[in-house]
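These protein sequence lines map, in sequence, to chains A and B. For our numbering, count along the first sequence from 1 and bump the result up by 69. For our numbering, count along the second sequence from 1 and bump the result up by 1127.
By construction, these hints were calculated from the structure, which means they are not laboratory data. Just so it is clear, CB atoms sit at the ideal spot from N, CA and C, and this is done for glycine as well. Hints are supplied without guarantee of correctness; some may be wrong.
[Claimed, not checked] Some chain B residues near chain A, calculated using beta-carbon distances under 8 angstroms:
| # | residue |
| --- | --- |
| 1 | Tyr-1185 |
| 2 | Ala-1247 |
| 3 | Gly-1323 |
| 4 | Asn-1403 |
| 5 | Ile-1404 |
| 6 | Pro-1406 |
| 7 | Gln-1444 |
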Amino acid sequence: MRKTLFAAATALLLAGSISSDASAADKLKVGFVYLGPIGDLGWTYQHDQGRQALVKELGDKIETTYLENVPEGPDAERAIEQLVRAGNKLIFTTSFGYMDPTLKVAKKYPNVHFEHCSGYKRDKNMATYSARWYQGRYIQGQIAAKMSKAGVLGYIGSFPIPEVVSGINATMIGAQSINPNIKVKIIWVNTWFDPGKEADAAKALLDQGADIIMQHTDSPAPMQIASERGKLAFGQDSEMIKFGPKAQLTSILDTWGPYYISRVKAELDGTWKSEDVWGGLDTKMFEMAPYTNMPDDVKKLAEETQAAITSGKLQPFKCPVVAQDGKEVECKGGDHLTDPQILGMNFYVKGIDDKIPGK
Amino acid sequence: MQLVLEKRAERSNTIALISPLIAIGLTIVTMIILFAILGKNPFAALVVYFIEPLTDSYTLQEIAVKAAPLVMIAIGLSLCYLANAWNIGAEGQFLIGAVAGSWLAVKTQGTEAGHWVFPAMLLLGAIAGALYALIPAICKVRFGASEILTSLMLVYVAELFLDYLVRGPWRDPNGFNFPTTAEFDPVATVPLLVEGGRLHLGTIIALVVVAAGAVLLGKTIKGFEIRVVGAAPRAARFGGFNSNQLILLTFAISGALAGLAGIIEVAGPVGHLQPNISPGYGFTAIIVAFLGRLNPIGILIAGLFLALTFIGGEQAQIAMKIPLDVTKVFQGILLFYVLACDSLILYRFRLVSSSRQQVARGAH
Chain A
70 MRKTLFAAAT
80 ALLLAGSISS
90 DASAADKLKV
100 GFVYLGPIGD
110 LGWTYQHDQG
120 RQALVKELGD
130 KIETTYLENV
140 PEGPDAERAI
150 EQLVRAGNKL
160 IFTTSFGYMD
170 PTLKVAKKYP
180 NVHFEHCSGY
190 KRDKNMATYS
200 ARWYQGRYIQ
210 GQIAAKMSKA
220 GVLGYIGSFP
230 IPEVVSGINA
240 TMIGAQSINP
250 NIKVKIIWVN
260 TWFDPGKEAD
270 AAKALLDQGA
280 DIIMQHTDSP
290 APMQIASERG
300 KLAFGQDSEM
310 IKFGPKAQLT
320 SILDTWGPYY
330 ISRVKAELDG
340 TWKSEDVWGG
350 LDTKMFEMAP
360 YTNMPDDVKK
370 LAEETQAAIT
380 SGKLQPFKCP
390 VVAQDGKEVE
400 CKGGDHLTDP
410 QILGMNFYVK
420 GIDDKIPGK
Chain B
1128 MQLVLEKRAE
1138 RSNTIALISP
1148 LIAIGLTIVT
1158 MIILFAILGK
1168 NPFAALVVYF
1178 IEPLTDSYTL
1188 QEIAVKAAPL
1198 VMIAIGLSLC
1208 YLANAWNIGA
1218 EGQFLIGAVA
1228 GSWLAVKTQG
1238 TEAGHWVFPA
1248 MLLLGAIAGA
1258 LYALIPAICK
1268 VRFGASEILT
1278 SLMLVYVAEL
1288 FLDYLVRGPW
1298 RDPNGFNFPT
1308 TAEFDPVATV
1318 PLLVEGGRLH
1328 LGTIIALVVV
1338 AAGAVLLGKT
1348 IKGFEIRVVG
1358 AAPRAARFGG
1368 FNSNQLILLT
1378 FAISGALAGL
1388 AGIIEVAGPV
1398 GHLQPNISPG
1408 YGFTAIIVAF
1418 LGRLNPIGIL
1428 IAGLFLALTF
1438 IGGEQAQIAM
1448 KIPLDVTKVF
1458 QGILLFYVLA
1468 CDSLILYRFR
1478 LVSSSRQQVA
1488 RGAH
């Protein structure tokens, strides 16, 4: 008797969930796959901020679902496919490691559209998107060179992939435009997020004489260390000013909202196409946090550089780009390096007294 | 009056049978309360969690795919643990097996190699896993080094070695320097059992491993030796069993199975070698081994059950917008209750009046 009651109850509940699905059926379902937990700041948090902006703008027409903390391994394909099977028609996969799983699922479900962040493989129904963060790094390089008394920058690298290497190079090219003798010390922490390791790296860099900390990792620990020691630092991904009110010069902010809104609008209009979008300051694919803790002339310089990059007048990788070995890099893009050259960057520019790990 | 936990004279077989059921019952009650506090319909959540994944051929496949490596590794670990040898490093053996098998896949890439490639990769994976597991076993037997520490630390060595290979020598030349090898050729990938699905040959191999484990433990002298050495080392010595030899053997078997699971995972669901190929299978398998009471059939059930909680957890996130943390809490609570209830097999609660306890102590 109790068994049948339970079965009846589950049947009722199942029926209930199905009917609520039906009422939501006319809304477009949009799915997100996140690498980390959402948390309070950092990479995944910024993607979720983008999702929330999307809900705010188009909430009456769409329904969003996300899966967080999905590892970039054998589970990723299943997570993406689960979203497809739950009826999502547009799915954003927000980490590089989801590239092949996304492609596999995309081939299996040709009527569902996919958007993969920061990869290079595409298909009819799989687009890619990323941001030209190196533009922001160039501005940071100029600020750093102006603000550093020691002439030594401390750089915390995550993994020596092209995005990070091009970030270091853009920083140095920017810094050299102010001080040709600027030096940089680099520590690789081999992680995107590990407050302990990042803090240790920041301490080591300051101990080695750097007086500006730059990071390509996610946690606010380096900012806190710089702040404790009365030094200056740049944030990453998110606004980090509350971790270093007297330390943060600016921060590269990942602002995915406008992009997500435009893509979902295209999906709603039936105009979605597979594209490769590498947006910069001009399309607000990322933004710079307010310029703080610097004199007005430096702030003015930063703003001018930002405006020049936004208008396209200034190319951070303007030719000639001279590699570490003193040889000029082939200038494939007329007066600047081409996108594939930047996307596959695997060399340091002149003036960096270090070597890319594993090279 | 005092509530004490007292050792039973002999293990209670009734409790051994019903303890997992009590644990699941308590988990369900706890989760009903938790879901209710979160304002979610607890019954609907439980249906999404436990019942829906079992009603659909797609999720059933996914459960099998997720469980296969866990079961394979856990069977090997159970042999170690039964023989009182503590292999904590299955994760490392998994990675080394994946690396060794991938070596062949990378070397034969684009060479039109024949169908011998995949079986050879499996063999390489198993051998490499076994050899890697023998390092802590030999250190234990020869030098008395704690195999718990050495096997665990070798996990980090394996992780870094894999990392080095995919960032350096084996990196896909057309991959924009990202740390991954190129996708393996079709002859170097695990054959699929269902067209368009993800169910692969590895799930069958896992079942064969379960059967082999059951035969080894239940029907052979070696299996008997393993159990005696673990349960009664002195008796085993009198019986002339060589416990050192058994440590080497069980470590080698469990390393081979972990290595096999590793190469199957890389050549199957992942499709190439990259830094993150395991969401901690080697460690989760330890839980599976104990949840299955170190018994091959039990391990099969435990592996499938744990896989069900992963897949059900994802569906709960999607269908009911239940946060990931809650699905993790769910798994944690379940394990907690299982282990807590298991202690009732060997122990029981008794109400003891404090005066009697004093008398008992005085009598000693």
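Against the structure, the hints:
1. Taking 8 angstroms as the C-beta cut-off, the interface hint given for Tyr-1185/B holds, the closest approach to chain A being about 7 angstroms.
2. Violation of the interface hint for Ala-1247/B is found here, the shortest Cβ-Cβ separation to chain A being roughly 22 angstroms, above the 8 angstroms cut-off.
3. The criterion of a C-beta within 8 angstroms of any C-beta in chain A is met by Gly-1323/B, whose closest approach is roughly 7 angstroms, and the hint holds.
4. For Asn-1403/B, the interface hint holds, the least distance from its beta-carbon to any beta-carbon of chain A being 5 angstroms, beneath 8 angstroms.
5. A cut of 8 angstroms between beta carbons decides the hint on Ile-1404/B: the least distance to chain A is about 5 angstroms, and the hint holds.
6. The restraint placing Pro-1406/B at the interface with chain A holds, with a minimum CB-CB distance near 4 angstroms, inside the 8 angstroms limit.
7. Annotation: Gln-1444/B was flagged as interfacial toward chain A, and the flag holds, the nearest CB pair being 6 angstroms apart, inside 8 angstroms.
Hint compliance for this structure: hint 2 alone is broken.
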